[in-house]
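Enquirer: Spelled out, the chains give:
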Amino acid sequence: MNSSQTLQQLESARNLALGDGRYYPTIIPGVLPIIGVHANAPLEIRRWGADFLAETFASPTWSLDSKETSCLSVLPTLKDYLDTSEDTGVIKSAVQAAACIYPLVYRHTISDPSDSHNWQTMGAIKSNILRRMDTAPPGVRICCVKFVQQVVLVETPAVVDPRRPDNMDISLTLVPRDHPLISYSLMEAESSGLLDRLLDIIHGEHSDALLITATLNCLGTLLQRRPVVTNRVLQSVLAFNPLKLANSPMTPKNKVMMKSIEKTNKMLLTNYMKRHPESPHNGRIHQHLERISHMRADIFDNNRKRPAPAEPTDGLDAAKRQRLGAVPADSPAAAPPLPSGPISFAQLFTLAPPNSGSTSFDVSVMGHDMILKLLVPLLHSIDQRKLDHAVNLIRGRYQELSKRPPPTAVDAANQATGATADDDEEYEPDFDQIEDAEQIHNKLDNVPPETAPAPVPNAPLAPFKLPQAPPLTEIEIQKYGDGTVRRLFGMMAALDEAPSKATITKPGFNRLAASNYDRDSWLTIICRLATRTSFGLEDPSHGIKSEDMSVSKKGDFSIADTIREALLNYIIYDWRKRIDVATNWLCEEWYNDRIQQSAYLSSLSQSSSASPSSPLPEPVPQYQKWTLKVLDKILPFVESTDKMLIRFISEIPELDREILKRVGRVADDPDRVQLSVMICQYLLMFRPPVRGIVVDLVEGLWRDNEGAKPFVQKILVKYRPAVLQTENHVKTEGEADGGEVKPAAA
Amino acid sequence: MSMDPRLARSKPEQQAQPVPVPPPPPPVEAHPDSTKMGLDGTNDTQRPAEAVVPDGEFKLKFCTVCASNQNRSMEAHLRLASAQLPTISFGTGSLVRLPGPSMHEPNVYRFNSTTYSAIHDELRDQNRQLYTANGLLNMLSRNLNIKGYPERFQDWVPGVPRLDHAADKGAQGTEAGVVDVIITCEERCFDAVLDDLHNKGGRLNRPVHVFNVDIKDNHEEALVGGRGILDLALSLNQAAAEERKTHGEAGWETGSGAARAGFDERVPEILAAWQERWPNLPALWSLAWS
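Chains as they are written, first to last, in the UniProt record's numbering: chain R, 1 to 746; chain Z, 1 to 290.
Source of the hints: derived by calculation from the structure; they are not laboratory data.
For each residue, glycine too, the CB sits at the ideal point set by N, CA and C.
Just to be clear, a hint being listed does not mean it is correct.
[Claimed, not checked] Facing chain Z, a subset of chain R residues (Cβ under 8 Å, in silico):
(1) L18
(2) W62
(3) L64
(4) T88
(5) R132
(6) T135
(7) P137
(8) Q150
(9) G220
(10) T221
(11) Q224
(12) P227
(13) S248
(14) P249
(15) K253
(16) K259
[Claimed, not checked] Capping the alpha-carbon separation at 25 Å, the derived lysine-lysine pairs in DSS-like fashion look like this:
(17) R:K661 with R:K714
(18) R:K386 with R:K373
(19) R:K625 with R:K577
(20) R:K625 with R:K718
(21) Z:K245 with R:K79
(22) R:K643 with R:K625
(23) Z:K245 with R:K274
(24) Z:K200 with R:K266
(25) R:K643 with R:K714
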């Protein structure tokens, strides 16, 4: 049987397998004896055999598992090919087949640690291939490069997602640490060394485009599938200058090789960036590519890849066509039309559209130096055609302007007087500088008389006085007065919102009443407005005012009382917080009462002694009246725990029976008896002047208020034991009568 | 396969094309067979006789690629197949785009499923005059004689047998679904091919020479480019065949000069020499892995 017949047979077997990949496992054993070296097969058969093995184990049509089983049987044949064959074609295909088979044997050895024979055969194949890597013809070396890449791929740990373990991805991760044949650390070291050899290829002295592009193109797989080597690979690739051939003579071969290496390098990096859009290396890669493209542009400056189409071609792909039918690139810009009416020079010469930024930019903000620096290059760079066009535009405008009808007399008058016409907001007064006074007079002469203003008589000028305002009605007075007062407190509302000034140290005695603009100062002002402003202004005929502020006749309205009323309301509105305001206010009232009294007395004595001047009106005391009002308003709301009241009572400057009677009334409420008693106790201890009145009050409580008795007893023991004795006397009688239990005395 | 949903709405009838029923041959008088008649009206017989690689010779396997697998790659496919070189062809675009009634209304079809014949018939029905005038119908009737439908490069799985493409022109030798040489017709396609080969990961461990020959996308340039590509392919094939011959048993000793060097290492040289012959078709090259 001659070799061509054999080849035909082999070809038909191959076609069977191509039709269905499942036949491979049965076909391989049949083919091997024919193609093997020991069969002393002719070269064509061996070439066919090597090609077939490469094709078979690369084929995606049958499963990895079946391949793993079948590959062991072809190892001797592959080894023989590599050991004995001289033919480049056979070696190339054998190395390709080995690159496909190495991962399979590797995986087989992982799962079958006892099979050292096949692993050794594979090892022999591997070392054979590695030996060839530096010396073989380039066509074989590129296949060796790919084989080395496969070895690096399987001997480098993969990053495996434990949720989706990928059994198809054969890597060092699959190797157990204690494997007898495959040492994890040795594999790791070997793959690291082999990766270095790969990367050395692109940095080698030689500029063999074949090897370099082959290496660059196989690095993509490593970048994609082995993140642990990404850093090393990228660093090496980024350090690689794809244009280093530029220094050698620019032969056509060098040119095409340089372009090709540059392109391959770029595509590898672009592919990496596309697949890893968030990679931290992307910035560097980008810069690198940018730099390379600049260098490339420098080298191939006059060598553009693809000139623009010389003529419009039929539209097969719109994106690639130069748009020749489009508007000419330097279509002259149309100038905006001039507005009607008077035109300034600025308007005449401005061709930019009215809303563009250049019209609003103030050139004068830039320094002279800057302007000078800019201006010369700008003038140089002006396009002559554009400039001519602009000049023509201005010329046209000027001619149009000169053809316009002369301005009417009214316009002239407006210009002369500086008044702007309503329809021309952009009128600029410096326009009228070109007209001299003579012309203005002439124009003014033309003004029709009816539009001129009436002549002003030659009257002497007198200071202008506002006419007397009509007198206010009482209601108006009250309304405006109220409004004024309201505004006083409106101010306070704003101040209340200010943050508390707890941290600010008080100025003490040295402070002025209203030295700073805060709530306290304002309150002081209000209090004094209420108490002192109207001193001596009140209608003397009007003795004591009615409390409900009736406005029965003029003068009944009192600004002071209105303020007081408002102040009272202000306090009551939030009395717990504003009780200090009340204290301040009442102190002011008390002080004012005293001052008024003494002033009145001194005026009385003066008038009685010598002076004919009328004495001051008798002052109306305000303190007690307003204190009672405050108390009456507050007390209904006071709770038994309100210590506030104790403080208030103790701080107001004067206490009398009337005020204390209110305190006594608090005790009418069984809940608040204790509060009332506490007030009394406090007053007894700290305000001796009122002790008498307080003890009277306490005695009253003892007599009238059954619930207060246990609390007031000890006060009475101390201050008025006589009351207790009489009471005890009565009590004892009572006990004899009915056995009423007397509360335990403290 | 991905496609633009907006296009799906605008052209529903184009998406519903049935998967390859062998197209009926077009009427002979309306669509001259472009294997015999050039698109520019010149008869092929007037050209100098093209080189044909005889069947017994060693043959590299070729793949031509353009954007839509319609004009440039198909012209080259036809040339290579006519020279009896094993050839397959692809497009790298996301969709098959053909000129429409205006710049902004291209005709868009899916790859891998819309047959040339279906496109031909649809365009003929749409506006026979227009598409005859701009050469589309001619081009499509040429294409439907070459193979069934445009194929997308990114959807190609290298190594998957192509026995179902046996009727395509140039199919002989490409049964295993692998190629030795890829020739793209535009730099964008070259980039897409390299990028896609990175994505595919080179699982076959098989070297593939990827070339780019920049050809403008019109009928005239496609004809010129097709001739250039054929020249390149024949040069490459000759070098590869020489390698087989000289590196036979004891061939290393008998060979001399350039022939002594292997095929792969001669590629840059071959390309450089080719570029000198075709200065208007700027070329690029890279050794990639399929």
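Enquirer: Determine for every hint whether it applies to the structure shown.
Expert: Hint by hint, here is what the structure shows:
1. Interface hint status for R:L18: upheld, as the beta-carbon distance to the closest one in chain Z is roughly 4 Å, under 8 Å.
2. At its closest, the beta carbon of R:W62 sits 11 Å from a beta carbon of chain Z; the interface hint therefore is violated under the 8 Å criterion.
3. At its closest, the beta carbon of R:L64 sits 11 Å from a beta carbon of chain Z; the interface hint therefore is violated under the 8 Å criterion.
4. At a threshold of 8 Å, the smallest CB-CB gap from R:T88 to chain Z is about 5 Å, leaving the interface hint in force.
5. Using the Cβ-Cβ criterion of 8 Å, the hint placing R:R132 at the interface with chain Z is not satisfied: the shortest such distance is roughly 13 Å.
6. Interface restraint check: R:T135 against chain Z, minimum CB-CB distance 13 Å, threshold 8 Å, status violated.
7. Checking R:P137 against chain Z by beta carbon gives a least distance of about 5 Å; that is within 8 Å, so the hint holds.
8. Below 8 Å, beta-carbon pairs count as interface contacts, and R:Q150 has one with chain Z at about 7 Å; its hint therefore holds.
9. A cut of 8 Å between beta carbons decides the hint on R:G220: the least distance to chain Z is about 4 Å, and the hint holds.
10. Taking 8 Å as the C-beta contact cut-off toward chain Z, the hint placing R:T221 at the interface holds, the least distance being around 5 Å.
11. A hinted interface residue such as R:Q224 counts as satisfied when its beta carbon comes closer than 8 Å to some beta carbon of chain Z; here the least separation is about 7 Å, so the hint holds.
12. Proximity of R:P227 to chain Z is violated relative to the hint, the smallest CB-CB distance being about 15 Å (cut-off 8 Å).
13. Below 8 Å, beta-carbon pairs count as interface contacts, and R:S248 has none with chain Z, the closest being about 13 Å; its hint is therefore violated.
14. The beta carbon of R:P249 comes no nearer than 13 Å to any beta carbon in chain Z, farther than 8 Å, and the hint placing it at the interface is violated.
15. Residue-level restraint check for R:K253 holds (minimum Cβ-Cβ distance to chain Z is 4 Å; threshold 8 Å).
16. Because the closest C-beta pair between R:K259 and chain Z is about 6 Å apart, less than 8 Å, the hint holds.
17. For the given pair, R:K661 sits about 21 Å from R:K714 by alpha-carbon distance, which is consistent with the 25 Å threshold.
18. Taking the CA atoms of R:K386 and R:K373, the gap is near 22 Å; set against the 25 Å cutoff, the hint holds.
19. The straight-line distance between the Cα atoms of R:K625 and R:K577 is roughly 22 Å, inside the 25 Å bound, and the hint therefore holds.
20. Pair hint R:K625 plus R:K718 does not hold up; C-alpha atoms about 33 Å apart against a cutoff of 25 Å.
21. With a CA separation close to 24 Å, the supplied pair Z:K245 and R:K79 stays within the 25 Å bound.
22. Distance hint between R:K643 and R:K625 is fulfilled; the C-alpha atoms sit about 23 Å from each other, no more than 25 Å.
23. About 43 Å separates the Cα atoms of Z:K245 and R:K274, which puts this hinted pair outside 25 Å; it is violated.
24. Under the criterion of a C-alpha separation no larger than 25 Å, the hint pairing Z:K200 with R:K266 is consistent with the structure, at around 18 Å.
25. Between R:K643 and R:K714 the alpha-carbon distance is near 21 Å, which keeps this suggested pair within the 25 Å criterion.
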